[in-house]
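So the chains spell out like this:
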Amino acid sequence: MRNRTRTAVAAAAGAALLLAAGCGDSGGDGDGTVVFDMWAGGDDEVDALRAQVEIAEEETGVEIRLRTSPWNDFFTQLTTRASSGEMACLTGMNGQRLGDYADAFLPLGEEELATAGIDPADFTEGSLDIMSHEGNLYGIPYDVATMIVYYNKDMLDEAGVPEPAAGWTFDDFEDTIAGATTDAQPGFGVGMAEFQWMSLPIARSGVQPVTEDRQLDLTNPAFVEASEWYFGLVDEGYAAVPGSASDTGWGEEQYQNANTAVALDGTWNAVTYLNNDAGFRAGMVELPSQGGERLGLVLGSGYGISADCDDPETALQVLGALVGEAAQDEVASSGRSYPARSSSQPLYFEALDDEIRDEVEAAFEAAFTDLEGQYSTDNWTQINEAIQPNLISVYAGQMTPAELLEQTQQQFGG
Amino acid sequence: MTERECEAVTTLTGSTKRRRGGNQLRRIETRQALGFISPALAGLALFTAFPVVLSIAMSFYQWPAIGEREFVGLDNYVNLFQNHPDFIPALRNTIVFTLLFVPLNLVVSLTLALALAPRIRGRAAFRVLFFLPVVTPIVANVLMWKILLQPNGLLSGASSSLFGVTLPNFLAHPTWAMVMVVVMSVWAGMGYNMLIFSAALEQLPESVLEAARIDGAHGYRMLLRVIVPLISPAIFFATVMTMITAMQVFAQPQLLTGGGPGNSTMPLVMFIYNQAFTFQQMGLAAAAAWILFAFIITLTAVQFRAQKRWVHYEV
Chain W
1 MRNRTRTAVA
11 AAAGAALLLA
21 AGCGDSGGDG
31 DGTVVFDMWA
41 GGDDEVDALR
51 AQVEIAEEET
61 GVEIRLRTSP
71 WNDFFTQLTT
81 RASSGEMACL
91 TGMNGQRLGD
101 YADAFLPLGE
111 EELATAGIDP
121 ADFTEGSLDI
131 MSHEGNLYGI
141 PYDVATMIVY
151 YNKDMLDEAG
161 VPEPAAGWTF
171 DDFEDTIAGA
181 TTDAQPGFGV
191 GMAEFQWMSL
201 PIARSGVQPV
211 TEDRQLDLTN
221 PAFVEASEWY
231 FGLVDEGYAA
241 VPGSASDTGW
251 GEEQYQNANT
261 AVALDGTWNA
271 VTYLNNDAGF
281 RAGMVELPSQ
291 GGERLGLVLG
301 SGYGISADCD
311 DPETALQVLG
321 ALVGEAAQDE
331 VASSGRSYPA
341 RSSSQPLYFE
351 ALDDEIRDEV
361 EAAFEAAFTD
371 LEGQYSTDNW
381 TQINEAIQPN
391 LISVYAGQMT
401 PAELLEQTQQ
411 QFGG
Chain L
1001 MTERECEAVT
1011 TLTGSTKRRR
1021 GGNQLRRIET
1031 RQALGFISPA
1041 LAGLALFTAF
1051 PVVLSIAMSF
1061 YQWPAIGERE
1071 FVGLDNYVNL
1081 FQNHPDFIPA
1091 LRNTIVFTLL
1101 FVPLNLVVSL
1111 TLALALAPRI
1121 RGRAAFRVLF
1131 FLPVVTPIVA
1141 NVLMWKILLQ
1151 PNGLLSGASS
1161 SLFGVTLPNF
1171 LAHPTWAMVM
1181 VVVMSVWAGM
1191 GYNMLIFSAA
1201 LEQLPESVLE
1211 AARIDGAHGY
1221 RMLLRVIVPL
1231 ISPAIFFATV
1241 MTMITAMQVF
1251 AQPQLLTGGG
1261 PGNSTMPLVM
1271 FIYNQAFTFQ
1281 QMGLAAAAAW
1291 ILFAFIITLT
1301 AVQFRAQKRW
1311 VHYEV
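As you go down the protein sequences, you meet chains W and L in turn.
Residue 220 in the numbering used here sits at position 220 of the first sequence, and the numbers go up by one each step.
Position in the second sequence counted from 1, then plus 1000, gives you the numbering used here.
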């Protein structure tokens, strides 16, 4: 009997080992390759990433195993991998979400930067703040971004509304969306995602919902007042209530499908909108100002090294190549993102059509002027995830903006 | 030793030899069998037993996805019931969904099965048609329902152009959103139970039906007094399985309403998912999962106990 049990245990253990060996896909890179986890939405994005990976492989001689997943799934997978110690050595990270994952990344000091061959001076001023948390640098940005107002030139022309111009104000903004609103469609597409809704209240109030010392400040009276104005745009009839709380890209999708004339989105989508499938002429302009002041935030994403990485030195070399000049030139000329490396930035505009190049460059120049770094709390992602399903209640008038902000402040602000 | 005794010894030794040989063969066969089932056993251990045991342990810990873990005893369970703003609403939503979905699903699928029971023309095509949503990816189903239900969608557009009536924004209203999650789920799932009921109806003993007819049973009397009792094992199976899937509902609200507006359509499984993968509180999520398990197992046990009163296995 004992023998039989032993045999069973031994057989099961053997099979378990075989299975574990077959199933394991560690980011530990013991075989000399570096696993690189990154989000990518479709074939185009995967191809663009592959092009950067090939450049990095050529420069370093290290084999890179790229694993991609769509944006929404990426962070779910990352959470699972981080909790089980299976995080890839090289991992993409969004600046706004860094606070939630900072402990999983290797802090990058002078020594690490030297190993990676990175000179911080090569990157746009303030861009390294995107990947910094509590004074530590956890990654190197591959792009810089900010929120920008996109408009449909054809719709504005048809409605007889003048196109927004640099230096415009919130009064101009309201006139534009009011003029573009018709019986057939609203003039503005409200946001359901973090900065797609929050950017206008921040710009209008001149304050961030987190203080400089990283305390949640959603109930700041100026921010609450500006939020009430923003959500009130639905009551004014300038915007429609989103279809469902699951429509996280509501305003941007309405704009892209030519169902509305104006929407807010990041500069990372500029080329997508310029080449929109609906076939309209897209325009872009910086956020409006209030009382001569405009508060815009610098955003972006980058790559970091896992704190558990077995071979951080090799991973650092790959990181250096992925944000190196050749890879950043590739990012810029593909139009996927506005690169963080200053010397690569002109290529972004050179890739655009002649007739829109100057206009887009001017809009970017204005939008990237006088930006402020985003203040964030450790649980910023969670705060936004808690706010998001309630936004539709506020748009639909079942809850006031003050109630939403107060409720979230109480839940997360301590 | 007498001759008789010698015979007895010989017989005994022979049978011992045979038994020894039999034991050896059995041992070899047992080893071989264990060898064959070991992959399955290993799979069971790795992917079922280990996660189950781990999730029990996790539920007693403050277990962040990243960082230090701390034993907290029953705190996670207590916090869920006493302090968490979303847990009780999620539990309520799961119960509301189950109470609405299970009877509606059973009634609709049984009605369809009964309607397609007679050998009418094209009934196979109808069965395929009603079963299609079951095999269609849920994402495609939800996309279609979103197009129907959006403020300027098909339903709303048809209503205002044909009747001049403006319909509510279904998925932005807490009550309507839950109703629509239930309606969509019934539409998507009715084909499965319809097939089970259809199979049961095909097996009805003609002699019993004939006897009932001779005794004057027709229409509703025939349905409620003869057919339903005869297919009660199938109804019981469908009820238990449908209730379990209803308690575990996730994809429909996640994709159709995102659990909103607010938390009005967030079921318990979505709550568990959010706690684990959005809020990174694995311990809290594990505790909520075990509470859900307790609910499901209790309700299933109650149903098995109650079946003695209404399920008829004998014909």
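Bear in mind the hints are in silico, worked out from the structure with no lab data behind them.
Where hints are given, some of them may not hold.
Stated by the list, open to error - One side of the interface only, derived from the structure: several residues of chain W facing chain L at Cβ under 10 Å: (1) A104; (2) S244; (3) D247; (4) S334; (5) A362; (6) N379; (7) E385; (8) Q407.
As the list claims (entries may be wrong) - Incomplete in silico selection of chain L near chain W, CB under 7 Å: (9) A1212; (10) F1236; (11) G1258.
Said to hold, decoys possible - To be clear about the criterion: a stretch of chain W counts as covered by chain L if any three or more of its residues have a C-beta under 8 Å from a C-beta of chain L, and this derived list gives those stretches: (12) 80 to 88; (13) 114 to 120; (14) 364 to 372; (15) 387 to 397.
We put the CB at the ideal spot given by N, CA and C, even for glycine.
Check your understanding: Looking back at the numbered hints, which does the structure fail to meet, lowest number first?
Key -> Violated hints (numbers, rising): 4, 5, 9, 10, 13, 14; every other hint is consistent with the structure.
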